[in-house]
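Asks: Chain by chain, the residues:
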Amino acid sequence: MRLEVSDGDLARQAAAGDRAAFAALLNRHYDLIFRVAFRFSGHRQDAEDLTQEICLQLAQKISGWEGQAKLTTWLYRVIVNACHDRRRRDATYSRAAAGWGEVELSARQAASEQAEAQDWLGAALAEMPPTLRDTAALTVGEDLTHAQAGEILGVSEGTISWRMAEVKKHLREMAQKEMTDG
Amino acid sequence: MDDDLKRFRQAMDETTPEPSAKRRAENLDAALKKFDLSQGLEDPARLTQDRAPQARGFLRGLKKMITGFKNPISLAATSSLAVASVAAFAVLPNVNWNPAPPLPAPVSDFQGRALESDVADLAVTQELEAAPVATPLPSREEAATARIKRAPVVQQSQPQHTESIGAGAAYPEADTEAYSNDVANRVVATSENSVSTFSIDVDTASYSLIRSSLTNGRVPPADAVRVEEMINYFPYDYAPPVGENVPFSTSVAVFATPWNSGTQLMRIGLQGKMPLTEDRPPLNLVFLIDTSGSMEAANKLPLLIQAFGLMLRSLDPLDEVAIVTYAGSAGEVLAPTPAGERDKIMAALQNLSAGGSTAGQAGLQQAYAVAEKMTQDGEVNRVILATDGDFNVGISDPEALKEFIAEKSRTETYLSVLGFGRGNLDDRVMQTLAQNGNGHAAYIDTLAEAQKVLNDQLSGALFPIANDVKVQVEFNPAMISEYRLIGYETRILARADFNNDAVDAGEVGAGHQVTAVYEITPVGSPATLNDPLRYGAETPVENPNRDEIAFVKLRYKVPGEAESRLLEMPVAPSLATPDQDGRFAAAIAGFGQLLRGSSHMGDWGYQEAIDLANGAKGNDPFGYRAEAITLMRLAKTLTEN
Chain A
1 MRLEVSDGDL
11 ARQAAAGDRA
21 AFAALLNRHY
31 DLIFRVAFRF
41 SGHRQDAEDL
51 TQEICLQLAQ
61 KISGWEGQAK
71 LTTWLYRVIV
81 NACHDRRRRD
91 ATYSRAAAGW
101 GEVELSARQA
111 ASEQAEAQDW
121 LGAALAEMPP
131 TLRDTAALTV
141 GEDLTHAQAG
151 EILGVSEGTI
161 SWRMAEVKKH
171 LREMAQKEMT
181 DG
Chain B
183 MDDDLKRFRQ
193 AMDETTPEPS
203 AKRRAENLDA
213 ALKKFDLSQG
223 LEDPARLTQD
233 RAPQARGFLR
243 GLKKMITGFK
253 NPISLAATSS
263 LAVASVAAFA
273 VLPNVNWNPA
283 PPLPAPVSDF
293 QGRALESDVA
303 DLAVTQELEA
313 APVATPLPSR
323 EEAATARIKR
333 APVVQQSQPQ
343 HTESIGAGAA
353 YPEADTEAYS
363 NDVANRVVAT
373 SENSVSTFSI
383 DVDTASYSLI
393 RSSLTNGRVP
403 PADAVRVEEM
413 INYFPYDYAP
423 PVGENVPFST
433 SVAVFATPWN
443 SGTQLMRIGL
453 QGKMPLTEDR
463 PPLNLVFLID
473 TSGSMEAANK
483 LPLLIQAFGL
493 MLRSLDPLDE
503 VAIVTYAGSA
513 GEVLAPTPAG
523 ERDKIMAALQ
533 NLSAGGSTAG
543 QAGLQQAYAV
553 AEKMTQDGEV
563 NRVILATDGD
573 FNVGISDPEA
583 LKEFIAEKSR
593 TETYLSVLGF
603 GRGNLDDRVM
613 QTLAQNGNGH
623 AAYIDTLAEA
633 QKVLNDQLSG
643 ALFPIANDVK
653 VQVEFNPAMI
663 SEYRLIGYET
673 RILARADFNN
683 DAVDAGEVGA
693 GHQVTAVYEI
703 TPVGSPATLN
713 DPLRYGAETP
723 VENPNRDEIA
733 FVKLRYKVPG
743 EAESRLLEMP
753 VAPSLATPDQ
763 DGRFAAAIAG
773 FGQLLRGSSH
783 MGDWGYQEAI
793 DLANGAKGND
803 PFGYRAEAIT
813 LMRLAKTLTE
823 N
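Residue numbers (my numbering), protein chains in the order written: chain A, 1 to 182; chain B, 183 to 823.
Be aware that one or more of the hints could be misleading.
[Claimed, not checked] Mimicking BS3-like on lysine-lysine, the simulated pairs with C-alpha atoms at most 27 Å apart in a straight line are:
#1 188/B / 169/A
#2 555/B / 526/B
#3 584/B / 555/B
#4 818/B / 799/B
#5 188/B / 177/A
#6 584/B / 739/B
#7 634/B / 735/B
#8 634/B / 526/B
#9 204/B / 584/B
#10 215/B / 61/A
#11 204/B / 61/A
#12 168/A / 188/B
#13 739/B / 555/B
#14 215/B / 204/B
#15 215/B / 70/A
Calculated directly from the structure, the hints in this document are not laboratory data.
Build out the structure end to end from the sequences listed, making use of the hints.
Replies: See the structure below:
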């Protein structure tokens, strides 16, 4: 038995001006928004700011939601657009590419396993162009199909498949380098 | 998924941090406010249902309601709606958790809605439309308690929000506003305490707040009303000071009280020296601008930029302007720049955009640091803080802020606080800042108000002529049986503080006017409230000054001096016919007390205030008095039901 109102219902109610529905919707997806924002920006502070921006945007945009797309797809699109706008706007672009999670790293130094994961991920991401990172964040990070990721990023399914092949290639190369470096 | 991807996924999950709970609450709160805005003004009936204060009782009721159901479909529907409501409460943790007003009707509305209209709809659509990312709820009880538990923690970190807002429910957009006020001054028997001491107040923020509420069709919360700030909002025709030595003139007038035939009003008026615009010292201004996300609204940052633009026009080319912003982190946006380079300053202003939370403390520290850097001999430094009042990062404890500001004010840097927008305006923090920072606070809701505060009164606001101005009035018990100071509740000083130069008080700027009104009861008047004491001291010993009704003393410091100077004047018992200014000030004093729900007004109501003010408009060159009468009319209409 489901104990939940579906996203679609909540969004419809929110679009019609139901405050509680909007609050519930935002509350339900807040972690998702933050997670994606973090993976697109690579910085905790940026992710927090982006999340704020997205929340505010949603407050305005929700009234325009007409149920034409699945709510999460629509939500991902809002997030992705906000992240891309932000990148263009304040050129955190290079920062994001270079310093995945550097803040997190210092904060979590104690957990060495995590630090290791961080190093590895940092290295993996630093080598990838941002289009690949975004694609990986959605397909690998969010378990979306290539078709869904394509819809969100505004490219064809084929492009996503090609990008994911590139991502795998990068990862494979890294794994090999790790092996040879010992 | 192949191994590399798996590892990649794992690394991603491990390195993705948890979002900050504090930011989460703030962001959700801000989004909800924006949601309300984009919906237009909500009908209050619906909003009261969502308001946090009722959360506890409401939830308890709901839980009971849910457990009473057997039918799985209605259970699904009601609990889902319960989840929705729980979430709505959870995202408002920094509202005032005041003692809740009695639980309103919505619970039953709610039940009805859930059962009648939405059930079928919900039951069907749940099956049809899966919610792919919906995290399963632990259980409704857990969800409810977990959220509720979080709220008090947040509350503790925001002690300034504990003050109550009287008319909260009727005041939807103001759910996180906090006001600075005190219990209205009581009638004091002169035989028990003949001395009244207070610090002057040149702020006008309260009047603008009241205007903003009334023009939006709401009666302002009683605590938002500071009567002295309403009276001081208006220019009066006081005689300017004569001679070089005294920075201001003092006049006292006594006339009949409009709302009580048995008492009189004693008005004390101060007029600051008019500014000498030609040879004023250069000004160093640091605009400290809040660019946090909540400042985005049209009546905040955009209005602020326009307002500062107006102000730049009246600055001297030798003056210097720097801009520091704060949001998340603080930063200098514009290095000290001569005011002559207006284009450069305007460009910097126009580049500001809102985003992030509010690191007010870091901003203040940086602004003071910049101001200190700009200091040269004989120049006047002032930090102009523009904010919607929410300091949610760094020091958010008014006491700690107070200490910081008070310490900085000793370095002769003045502070002006300009409030923008409504919703999370923290009037209390604003007052704390201005009162301790040798400064004043104003609330800016329209460009016209910006014009008044920044331009017309620029000189007064920016050039202090007297610091730590205190007033002490001693009433003669042989003439006056009772007195009551109208307003100044937040400025009351202890009797001994008057002569203590270490005790901080209000500043008077060039051209500023300050008015204080006492309601006094002559001995033998039927309006006397306190019975005479059976064992009290009888007729005072033969006193050469027995014919005076009161003795007014003023202490002030000339800027740059540590020792205060004293002004004194006796008040003769001559009851005058009030002049236009006197009648208008009385009308405003009455208006303010009506808004505060004062018990001293008898049958005198808004209509009487309107009539009195109408007959005392004078030539009113800026239309301020006409506007006040409009507000009185609005208040009358709004309170008539």
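Asks: Going back to the hint list, which numbers does this structure go against?
Replies: 7
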